[in-house]
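A.B. asks: Place chain P on chain L using the hints.
Read off the chains here:
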Amino acid sequence: MGMTITEKILAKASGRRRVEPGENIWLNVDVLMTHDVCGPPTIEIWKREFGDKAKIWDKKKVVIFPDHYIFTKNPQANRNVNILREFASEYDLPNYYDVGTERYKGVCHIALAEEGYNLPGTVLFGTDSHTCTSGAFGMFSTGVGNTDAAFILGTGKIWEKVPESMKFIFEGQMPDYLTAKDLILQVLGDITTEGGTYRALEFDGEAIFSLEMDERMTLTNMAIEAGAMNGIIKADELTEKYVRERTDAPYEIFESDPDANYREIFRYDVSKIEPLVAKPHSPDNRDTVRNVQGTKLTKCYIGSCTGGKLRDFINAAKIIFGHQVKVPTFIVPASTYVAKQLEVETINGITLKEIFEKAGCVIAQSSCAACLGGPSDTVGRATDGEVIISTTNRNFPGRMGSKKSEVYLASPYTVAASAITGVITDPREFL
Amino acid sequence: MEKIIRGKAFVLGDNIDTDQIIPAEHLVYSLSDPEESKKYGRFALSGVPLKDSGLPDGGIPFIEGENYQSKYNIIIAGSNFGCGSSREHAPFALQVAGVKVIVAESYARIFFRNCVDGGFAIPYETPIKLNDKIKTNDELEIDLTNNKLKNISTGSEYNLKPLGDILPIIEAGNIFEYARQNNMI
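Top to bottom, those sequences are chains L and P. Here the numbering used here is used: the first residue of the first sequence is 20, the next is one more, and so on. Here the numbering used here is used: the first residue of the second sequence is 0, the next is one more, and so on.
So here's chain L without its partners, still in its complex pose:
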């Protein structure tokens, strides 16, 4: 019996020739990532548990991105960033990306990619559920809590149960109105928010490998919305090019054996998928945009690790170009790199930034912002009675702020089309 890509990477990281789904194994971790919400408690647990002997297992392998609650007056949130800053300074950590400096990056999952930490064949743990995003680079990545992260910080090791794999094969050529967001909403509607629990979601097929890295990351990013341990796409030439432009670090490319075992295999013809939404209040509450067309909105939101990458803004700008938005529309670049590119990328000679500004959008600074609500002064936060369409990842009650708000999740195309009409709108009307 062959092995899946996930099993092969976990076998390597556990020093074994092969592993079987269901086995509990100890892994050697390549990178530990944390941020301002979960970093401070992780550091506290590490100090408490290791005491005077507390040592960081490998400073080069610890990466810290403040990104969640950055542009807020909330004193406790600011205190958390200070804790990270002092920790990085006390232990002389090379990979800390401080707020208010040139090094500030923004949302951790996107910054990991941009800064060359995502390497095929490696194992990355992070104190954030969307750590699965990095799986787009043919690596194993998953989220853990503070205790597990503190254990890794001191030992470089953690136990994990080898997941069963599910495979999603997308055949055909992507229609011009479709994005990776629509593909993952299709999957979530099919398997539900617990259909992937403790499993690996492997994405494959011609349509997947036609996608840019930004789009592949949208797919693996939302694997957690199915409860999955990880999402994964094998590395190809495009992956290698992206990685090599950013780092000289070694990596190893793995792929699933033809006779690898899958719990289930799903096949899709992308030409038959149309623009989709997840209706309130769950990412698996899928419907077509057509069926909810005309729903009156109070706000549109384009941002987050899921929908705030450069490709997401290029897509949104294609539709918004030359129009005015009818409802408040927030543009929140995931990273400072993306924010800079908004001033560089052009459509018909006009930068994305100008396109959004002329349309009346609000452009905010890079951070997680209202994707997860956040402190009361967070830009774009949902208030009582709002109906929002967003390129983010979750629409559970209260996720974006008020639990008396309703959130629809959709692609940047759909959110942009809806912004210029003020009601949920099929992007095919503008493409």
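It is possible that some hints are incorrect.
To be verified - Think about it this way: if two alpha-carbon atoms lie no more than 25 Å apart in a straight line, the pair counts; the simulated DMTMM-like pairs of lysine to aspartate or glutamate are:
hint : chain 1 : residue 1 : chain 2 : residue 2
1    : P       : LYS38     : L       : GLU63
2    : P       : LYS160    : L       : GLU183
3    : L       : LYS66     : P       : GLU176
4    : L       : LYS176    : P       : GLU170
5    : L       : LYS180    : P       : ASP164
6    : L       : LYS66     : P       : GLU170
7    : L       : LYS180    : P       : ASP13
8    : P       : LYS50     : L       : GLU405
9    : P       : LYS37     : L       : ASP396
10   : P       : LYS128    : L       : ASP303
11   : L       : LYS78     : L       : ASP117
12   : L       : LYS423    : P       : ASP13
13   : L       : LYS92     : P       : GLU34
14   : P       : LYS160    : L       : GLU39
15   : P       : LYS160    : L       : GLU42
16   : P       : LYS38     : L       : ASP396
17   : P       : LYS99     : L       : GLU63
18   : P       : LYS50     : L       : ASP403
19   : L       : LYS66     : P       : GLU35
20   : P       : LYS99     : P       : GLU1
As the list claims (entries may be wrong) - Label-pair restraints from in silico Cβ distances:
hint : chain 1 : residue 1 : chain 2 : residue 2 : range
21   : L       : PRO94     : P       : GLY64     : 21 to 27 Å
22   : P       : ILE127    : L       : GLU362    : 56 to 62 Å
23   : L       : LEU257    : P       : MET0      : 48 to 54 Å
24   : L       : GLU448    : P       : SER155    : 55 to 61 Å
25   : L       : ASP77     : P       : ASP164    : 25 to 31 Å
Hint data in this document are derived by calculation from the structure and do not stem from the laboratory. All C-beta atoms, glycine included, are put in the ideal place defined by N, C-alpha and C.
C.D. replies: Frame of chain L, contents of chain P only:
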């Protein structure tokens, strides 16, 4: 480890995500400061819409007024409990509020790991749905040796799934104690 846990049931539905267990705006408080960390208890389960809070009838807040501890110390839930973000503040908030055991049909992976590795609460799974059989305020008794749940209010008894591989970590208290006992750290 206590072998028998008694307490009042607080019943919830399916897919209770971590934003409902502890809304993100509260993630700023210290988890180690004894006074400040009580706020996690104060706001535990405050993100659950009131109609879904304390089933079958709903309308029951988990925490009364300004308290940080709940009179309920056993959570009975449906499937996929703790889905969503990785925040360990979620099981921590339940622990501060006084929750000892959670009984659900299934859990999201990160929440489950956090409960066990951090030693916050015991996450039992049930072979059958129990959140339509047990009512909020029922008096329950959980027998950890025999993996049984007895509803003292109704006399019904149910089997729980054995804790299996993770029992040694739960018995040790948390993953660090477990690792020390096994000379791993």
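A.B. asks: Now, for every hint given, state plainly whether the structure supports it.
C.D. replies: Each hint tested on the structure:
no.	hint	verdict
1	LYS38(P) to GLU63(L)	holds (18 Å)
2	LYS160(P) to GLU183(L)	holds (20 Å)
3	LYS66(L) to GLU176(P)	holds (14 Å)
4	LYS176(L) to GLU170(P)	holds (21 Å)
5	LYS180(L) to ASP164(P)	holds (10 Å)
6	LYS66(L) to GLU170(P)	holds (23 Å)
7	LYS180(L) to ASP13(P)	holds (24 Å)
8	LYS50(P) to GLU405(L)	holds (19 Å)
9	LYS37(P) to ASP396(L)	holds (23 Å)
10	LYS128(P) to ASP303(L)	holds (21 Å)
11	LYS78(L) to ASP117(L)	holds (16 Å)
12	LYS423(L) to ASP13(P)	holds (19 Å)
13	LYS92(L) to GLU34(P)	holds (22 Å)
14	LYS160(P) to GLU39(L)	holds (22 Å)
15	LYS160(P) to GLU42(L)	holds (18 Å)
16	LYS38(P) to ASP396(L)	holds (20 Å)
17	LYS99(P) to GLU63(L)	holds (23 Å)
18	LYS50(P) to ASP403(L)	holds (17 Å)
19	LYS66(L) to GLU35(P)	holds (19 Å)
20	LYS99(P) to GLU1(P)	holds (10 Å)
21	PRO94(L) to GLY64(P): 21 to 27 Å	holds (25 Å)
22	ILE127(P) to GLU362(L): 56 to 62 Å	holds (58 Å)
23	LEU257(L) to MET0(P): 48 to 54 Å	holds (51 Å)
24	GLU448(L) to SER155(P): 55 to 61 Å	holds (56 Å)
25	ASP77(L) to ASP164(P): 25 to 31 Å	holds (28 Å)
Consistency with the previously given hints is maintained throughout, with no hint failing.
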